[in-house]
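Using this note's numbering, read the sequence shown as starting at 1 and increasing by one per residue.
Hints are not guaranteed to be accurate.
Pairwise CB distance ranges, derived in the manner of DEER restraints [to be verified]:
hint, residue 1, residue 2, range
1, R152, S82, 22 to 28 angstroms
2, Y274, D120, 36 to 42 angstroms
3, I14, W108, 25 to 31 angstroms
4, P226, D34, 31 to 37 angstroms
5, G35, G290, 29 to 35 angstroms
6, G290, V207, 51 to 57 angstroms
7, L93, S6, 19 to 25 angstroms
8, D34, D125, 20 to 26 angstroms
9, A293, D240, 14 to 20 angstroms
10, G188, K213, 36 to 42 angstroms
BS3-like, lysine-lysine: derived pairs with alpha carbons at most 30 angstroms apart [stated by the list, open to error]:
hint, residue 1, residue 2
11, K55, K113
12, K55, K215
13, K8, K288
14, K158, K8
15, K209, K55
16, K113, K158
17, K281, K8
18, K55, K158
19, K55, K213
Calculated from the structure, these hints are not laboratory results. Note that the Cβ used here is the ideal one computed from N, Cα and C, for glycine as well.
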Amino acid sequence: MSTTGSIKVTIGDILFDNPVFLASGPAGYGEEYDGFIDLQRLGGIVTKTVTYEPKAGNPGTRLQETPGGLLNSVGLENVGASVFFGEKLPRLLDRGIRPIVSLAAEDWDGYRKLLDAAADTGMIDIVELNLSCPNVERGGMAVGTDPRMISRYVGHAKDILSGAAIIAKLTPNVQDIGRLALAAEEAGASAITAINTIVGMDIDIRVKKPVFKRKRAGLSGPAIFPVALEAVWRIVNTVDIPVIGVGGIDSVDDALKFFMAGAAAVQVGTAIFYDSHLPEKIVTELEKNGIPASINTEGN
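All chains, please: the whole structure from these sequences, using the hints.
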């Protein structure tokens, strides 16, 4: 990346005005933050993950604050493909907001149906495959920790969504995230998003039981930033496609560090709960001073 000139970024064949996106999850479908975030000012928004059938999400406690972060066990609650493609997505497009559609499935049949439904809309030119959610019983990390499954899912998306840019979102809960990124690249992915949440848990000492019904949850927020930064650096040194950094951005400086690690773009998630203007602050910094040059050499 250059320290001067345009801050536009290209993912696949898709040109974005700037490399600052909202991460999937906290911002919902975008409309939830009307009046709080100027979505048109950002490069884009990664939508709340969509599954073919609507999902009610996980029962019981879903969010728990923890020092330096937030544990969540939402369970991919969403309106389903029919409502999303028929109502939510058109509203985003009508407002001039650039959506990156997040897709996930619990099994192969649901995945094929979801991709077919997405293709039938004729509205989708870029997707982020959520291959790494730790808060669902099936799919999620079961797919995202296996390079062969990543290759299969990315390859099928590439075939069905002809011409669309395919982003693979990866889990950090593995020994070698670079190996997963390489599998996605070889299957035709246009970019990699790293990272998803880190598996964690909490216990209610009063009742002597885990806080969450599913016991484990996903940790996000500032506590995971160093892990995300190292993962991005490692992936950048492994693949030739763009890498999108996400995980723990708590300040403008954090975003700049992702760029210095070689990221082509960044996503802001948990921080918008307490600083909804942070994504716009990052855009302002990049407009003023440009995108920092990468330190991306294996020896640094």
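- Of the hints stated earlier, which fail here? none
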